[in-house]
Amino acid sequence: MTEIQESYIVRIPRGVRLREDKQRGGWVLLAPERVFQLDGIAQAVIGHVDGERRVGEIVDRLCEAYQAPRERIAEDVIAMFAGLVEKRVLEVA
Amino acid sequence: MTASRSYDVRPPMGLLAELTHRCPLQCPYCSNPVALERRRQELDTETWRRVFAEAAELGVLQVHLSGGEPALRPDLPELVAACVDAGLYANLITAGVNLDRARLEELADAGLDHVQLSLQGATPEVTDHVANMAGAHVRKLAFAAEVTDLGLPLTLNAVIHRANLHQIDDFVDLALELGARRLEIAHAQYYGWALVNRAALMPTREQVVEAVERVEAARERLQGRLVIDAVVPDYYARLPKPCMNGWGRQSLNVTPSGKVLPCHVAESIPHLEFWNVAEHSLDEIWYDSPAFNAYRGTDWMPDACQSCERKEIDWGGCRCQALMLTGDAAQMDPVCEQSPYHDEVQALAVIDASGSPDFIYRRFARAT
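These protein sequence lines map, in sequence, to chains A and B. Those letters in the first sequence? Residues 1 to 93, by our numbering. Those letters in the second sequence? Residues 1 to 368, by our numbering.
These are calculated hints, taken from the structure and not from any lab test. For glycine and all other residues, C-beta sits at the position ideal for the given N, C-alpha and C. It is possible that some hints are incorrect.
[As the list claims (entries may be wrong)] Quick partial rundown of chain A residues pointing at chain B, CB under 10 Å, derived from the structure: (1) R11; (2) R14; (3) G15; (4) L30; (5) P32; (6) R34.
Required output: the full structure, derived from the provided sequences and hints.
Listed below in C-alpha cells is the structure:
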C-alpha cells in the first residue's frame, strides 16, 4: 500500500476523467476499461482534487464543510487516496 | 420501454465501435466474425458522429474505437473528436503498426483518452509469426514509445494461447519497460477465428494453471506500479464467465456496417434479428430490438439456471458458446459443471491441446 503524506499534492492523471453521470445520477471516474461510480463522500473528497492542493489542504477544507474531528477525516481521506493510487486513477507528487 | 417486462433495462455503460474490419494483421484468434464486413459497407463519418451523440444521450460513458484496425480509417481524428464532443471517454484499440508520430499527435490533440496496444508476442519471432506480418513487433515497440512520450496512458493487451503462453513474464517486463500503466493478459476465447484455430491455440490444463500462477505472482509483486487484468480461459473452468456481465445489461457493439449487437459474436446466433443504426436510433435498439431482449433477465434460462443462486452473477454464461457447443443458445453455458455437456467440453479442450496444426490466418474471403 502506498504511504500518503499530508504534504503530497494529488492529481487525477491523464487518461482518467471525472464527470457527472446524468443518466444514472452521481459522479464517475472514467479510467482505462473501468468506470468508478463515486458515492457522495468520494465525490465530495475527489471534488477537491485540482492537481495543486496538498492532501492536508483537502482535509482542512473537508473539516470546515463537515465539522468532524480532523484526525478522523484525515484518516478516511488518506485511506481513500491510497486505494485510488493503487488502482492508478490518482497520482501523488 | 414495455411495461410487461419482468426485468429492468438500465442504460448501457460502454460501446465497442468496430470502425472497420480491415487490418494489416492476420491474427488467428481475431474476435471479428469469420465473414468480415467490407470497406464499401462501412458507415461514414457523419453516421458515426450521430451514433456517438446518441450513445452519450443513452448513458454510454466509454467508447472503444476498435476494428479491425481503426487507424485504417482516414477520419479517425474526427471520430475521436466526435466522442470527446459528446462527453465520451475515447479509448483507441490498435495494433500500432500504421500510426506514425504526426497521426498520433492528431489523435491526442483531438482528445484521445487512452491507447490500448495489442501485442501478439513478447519477441519479434512470436509477434511476427502470430500476426503473420514481418516487422510488426519492432513497429509496435516504436509506437508504444511514441504513445508514452506524448503522455498518453498506455495499456498492453496480450491474447494468450499455446504459441505465446511461455512469455507471460516477458509481457510483464515489456509492459514495465514501455511505461504501460496496464497490462491485459487475456486467454483466447474460442469464437470466430479462434474457434477455427482452436486446435492450434488451446493450451493444456497444466499450462493454464502455470500461466494463472505467473500472472498472480506478477500482480502481487507490482501492486501500484502496473495494473494487471486477466481474462481466464474458460474451457477448463468449473463455472461459466458472466459473459458481457449479462446480455444487454451494460454494453453494445456496433459493426462497421452499423449493425448493433449485444456482443461482438452475437451474429453467430442465426435466429436473432439485429437492427441497424441506419434504420433505428440507438435508444430504440437498446430498449426495443428483439436481439437485445432475447436473453435479458432470467426468464429465458433453463430450470437448472433459474434455481441456481448464481443466476444473477453468471447470467447463464455465454449464449454464443451455448449455441456452438450444445446446439441451443438458451442452454446453460456448457462450461458450467452443472451442464450435461460439461465433460464433453473439457474433453474437447484436452484433444485440441494435443494437436499441432498450422494457423489458419484471418483474411477476407475471396470476392465472389
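Status of each hint after checking the structure:
Checking R11(A) against chain B: minimum C-beta separation of about 13 Å lies over 10 Å; hint violated. Using the Cβ-Cβ criterion of 10 Å, the hint placing R14(A) at the interface with chain B is satisfied: the shortest such distance is roughly 6 Å. With a least beta-carbon distance of about 3 Å to chain B, the hint placing G15(A) at the interface is held under the 10 Å criterion. With a least beta-carbon distance of about 4 Å to chain B, the hint placing L30(A) at the interface is held under the 10 Å criterion.
Because the closest C-beta pair between P32(A) and chain B is about 5 Å apart, less than 10 Å, the hint holds. Taking 10 Å as the C-beta contact cut-off toward chain B, the hint placing R34(A) at the interface holds, the least distance being around 9 Å.
Against the hints set out earlier in the document, a violation occurs for number 1 only.
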